[in-house]
Amino acid sequence: MVARAPVMDAAADVRVVQAPRLLNGAEAMGVAYWLAGARLAYTFPITPQSEVIDYFAAHPDIRCIQADSEYNVISGAQGVLWGGERCALATASQGLILMSEVMWEVAGNRLPMVMGVFSRGLKGPGWCLGTQQNDALFYRDTGWLQLYCESAQEILDFTLIAHRLAERISLPVMVVGDGFYLSHELEEVQVPTAPAAREFVGEPRRESIPVDSPPASYGALVPPERYSSFYQTMHRDMERAAADFEDLSAEFSRLFGRRYALTSGSWLEDAEVVLVTAGAISGTAREVIGGLREQGQRVGLLKLQSFRPFPADEAVRQLASAGRILVIDRNISPGLGGIFAAHLRAALHERRITIPVWGMVAGLGGLDVTPDMIERAIAYTAQAQAPGTGPLFLTESGIG
Amino acid sequence: MQKMLDELKIDPFQDTEFSPGHNACPGCGSTMALRIVLDAMSGTPAVFFVPASCGSLYFGPSDTTPVHFPVIHTIFAGAFAQAEGMGWALARRGRPERVAVWAGDGACYDIGMGGLSGIAARNANVLVFCNNNEGYQNTGGHESSATPAGSGGAGVSISDGTLPQPPTVRKDLAEILAAHRAPYVATASAAFPDDLSAKVKTALSITGFRLILLMTPCVTWKYETRYSVRLARLAVETGYHPLYEVRDGKTWSITYEPQRRPLEEFTRLQGRFKGVALDAIRDEIEEKWEDLHFKASRPATFRGATRSEPVERNCS
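Listed in order, the protein sequences are those of chains A and B. So in the numbering used here, the last one in the first sequence is 400, and the numbering has no gaps at all. So in the numbering used here, the last one in the second sequence is 1316, and the numbering has no gaps at all.
Okay, chain B solo, but in the shape it has when bound (with noise of 0.2 Å):
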């Protein structure tokens, strides 16, 4: 027990950057990975925007945070390019601070997506987290482009054979924004607190666009609640969530290669997926794979200065 709290650098009595007190549901996998993220960017000035998504209310009512920097929320899809805009005026201003976004799955899939996508093709230097709990959990569980086919409520479409079969594979938001040749992708998991903490001081050293997606279990997957920690672990081990990075859209890294445990393991433990054929699920992850070990063996070729290379902080 003491080992695996050494492990997840849990320590009740610790200071940490994420104040208890917020009012994020029992056993919350986003707040969970906020405190790691906070943490290892201690001591970096910073100024967050939350779009409309759980962080709304976890970052506290109005006349409370739980956190020592701004929080400036925003409308739903808005928060990309208004992160950009801040960091443009600081800048002009030659102030310090980091701008960063953290988001949900809902903007950064879905209603925000073209903001999002807007400010990695303008390489704008903002630092986005999407905390990805597979569906629009703060209203009530329905379903985004990144939750897993069938495990959604309502917005399950009927076919009749004629017409095309709704998705079966979720968005993948890191390709896509690989594909924008943002400086920085990486795909990260709470349960994996060292990998994560890494990822985020790689971002601090880099200017321009980042993204560090998570994946974030959420109560509203209908788990008890004491399983948070090892959904996480699970999402990864079964090869749901793969940890890598990619940089410049050109050289992906596998930073934890999974044990590739069964499925099952990760979805029975919880009652959204209950009554829902994963064979769609376990080719989506077979592909994946194949996927992302061969562009992680290619040789990295490019010509020109890499943008994911650190830089002056200092941009006036």
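Just chain A, same shape as in the assembly (with noise of 0.2 Å):
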């Protein structure tokens, strides 16, 4: 996948504050969690990610504990973040579904962990080792935010970005990439110095934290009242936090000079068809679209860098002047479709636009989106009479 050109900020910093290196998407994992301050880690090996381990003990300062399960990582992981410390921690797949009752607990708890998780598809019919969005997906509802990243820069510039914006909204975040293509394939990563990184990350520990106020204690039971107030409070701050993205992404960009937002749009102004993607798919539909346009052909891409919050304004309106939309998503919601699709056309309608959107459903299981589907996806889309309901399957042998 390609290396994406950065959108360079003319007022970035001058002096030297990163340097590149090859890495692949596990490497910068573990190297952006050092950079965050983090100096105690939580792990177990599970593919794609295990890799990453090593990552974070080729540190020396980074204590790491090996727990007995993904459920005692979190578990371990949280017990950190209580006593006001970063802690690393990633996982993948049945990991990361282990892990879901205290998943919701930390959220719940308005704690400020950032997790990386390598996307790989679930067991199921038997073991999926190749890479699919679900695992992920399945923690919509919880409170956690979710970015999705099309490149190793992006893991490594997200988690970085994913620790303050933790701290600022007290949610915590997953930065999501796909397995295998970003956990193992290399390319040309700008790493930032420590000290630059730590200008941006700032302290790495928190001063309010249960030993240091007065005795109480912290989630015990709550009536009904409290509680449904408390997840209003929840929505309402998840709302808000694209505009705070936002703000930490502009200052990320003063000093390393990589511009962020939570859609990314490309040869949007007079595009017929847009594709809409998230992940590492972008990659080969910005190659993709690049080439058509150099055709003439009138073709626009947007990248969401997140689940949640969900960028419905930021989407619909970069998708104002789109003549048609296709998402494809490389995950499925049984009976329902994509779920990217199924978020969108949601946000459409909310605002009463109604540009025909086309879902597709791609690369399940890791099976590759190659160059050549993309541009038959968007053929079909460009020539078709109207979208169906429900989903069409995106495969090398066609589409149906």
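Any given hint could be a false lead.
Some, not all, of what chain B presents toward chain A, calculated at C-beta under 7 Å [unchecked claim]:
#1 GLY1021
#2 TYR1058
#3 GLY1060
#4 SER1062
#5 ILE1075
#6 GLY1078
#7 GLN1082
#8 MET1086
#9 GLY1118
If you want a taste of the chain A side facing chain B, the calculated C-beta under 10 Å gives, among others [unchecked claim]:
#10 ALA67
#11 CYS87
#12 GLY126
#13 TRP127
Some residues of chain B that are not near chain A, with every Cβ distance over 10 Å (derived) [claimed, not checked]:
#14 GLU1097
#15 LYS1222
#16 GLY1275
No lab work stands behind these hints: they were computed from the structure. These figures come from a predicted structure and were not determined experimentally. We put the beta carbon where it would ideally sit given N, CA and C, even for glycine.
Using the hints, put the two standalone chains together into the complex.
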């Protein structure tokens, strides 16, 4: 996949704040946690994340605790967060789902945990090693934020931004990369220097923790009124998170020259078809659409960088002049179809936008999504009468 | 009466670390033990993790607390590793607070056992108190692997003779954790408050993984609530709940040699044993004491430093 040319901020710092290295996403993740000041890590091996353990352990000043299961990885990490320290942790697939009960608790406790995920298909009909986004998307309703990465660079950058974001809004953040494509493939990554990273992420030690406050109970029985208003508050805080991400991205950009937003559009101005993607597919899509543009085809690309908060306002604004919309989902909700497509359709409908949307599901189980498939999908969308209901399945042998 | 009150250190006007006004059941054996534990810990800064259990209720609903340290309520199986993680974070900050877990047999014996074994295997600096009332009492008295055969509600297996028999012995958690070579494992009872207090103080003088296993009578056992203390005492005197310590999984010490009163004196007061055959439990007690006496009589033979020696508290 293509390392994307960064959007350079003209006001970017001219000190040496970063240096290029050849890294895969696993190493980028490991380095990012160290740069963020995490000196405790809870680990458990699972493909395709196991190497991240080695990258945590490569830093002698990170104490790595290998737990007995992922349930206890996140439990241990939650304890570290209760104690006011940052904690490095990462997982995938089965491990991520095993954590589920604790995931709700971390978000409910409003702890600013940051967790790395390399998405992988779940068992399921059998063991699946290839990438699929369902493991992360499963946590749709927990209150966790989810950022989707296109590259190892984004994994590193988002992990740093996530620490600031989580601590600002007191909600945990998941940084998600496609398994194998991002965890194992090497690319050139600009790695911040330790001082520059520290300048951005700030002090890795929270002041206000239970042992510093008058004795109280945390997480005890709550009456329905309190429980209900708690989730309303969480919802509002999640809605505001988009603005916080913008803020922090601007700050990040002034230091490192890479500017992020929750959506990233290319060639949208006069696009007849806009392809909407999330994750590593975005890079392949950009290659394809760049080529189509050179041939004079009016195609655009909208990359979604987050699932929660779902960037509805930004996405709809950027799609306003599209003729047709095609969403490619590397996930599936059986009976519904692609999950990003469903969210986008709802966002458009809420804002009374009637641009037709085609939803295609592709790349499940780690199946390749090739440039040719993307080109055919765009052609299909351009020529189709109207979208039907339910998803289309995009494979190397066809669309149906 | 006064003698008994003095012995049990019950003084209605005494200051205690566990404030009255909490919402435990009348006659709760667990809070009886908790009060003694907390008084023994008085002056030691601490933070307690409480997984799903009766404790989730008697440490008070949100906005109330009967104790003078932070209590973090957790999901059922996660308290052990959460306590461990907090211990590491506090150590990094040079904090003095001791981290403890107050859990029931449900969390320790069953659903959280993987996590408990995990932190024991990693020798986490956590003191776990298991208040064992032999079942999932908070939710209605269903059996756990700590429940004596036949006495638990529902979940009783029926055998047709060709399949394996349902278990007739309780899981022996103290021995399981001793096998982890934990620095300190002890059993205790609120009916023997000096023994319990001493064990709490011993545990506080050691770093690493420690467990104190309490037999705590529960009104779900179906008895008149005024018998709670008597039942706690009889559990020990019948040999049903031995009082002992194990250090580093190598040295056993029996801290009280019971009278070995007939088991019926314990069981006949409780509705949960009505109609339950006691032979299997008597056998279990016999075998346990034979095993305990043997282990306690063995000389300690081990090489290298013992993990149960008191060490400096300031971990960095």
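So which of those numbered hints doesn't the model satisfy? 1, 2, 12, 13 and 14
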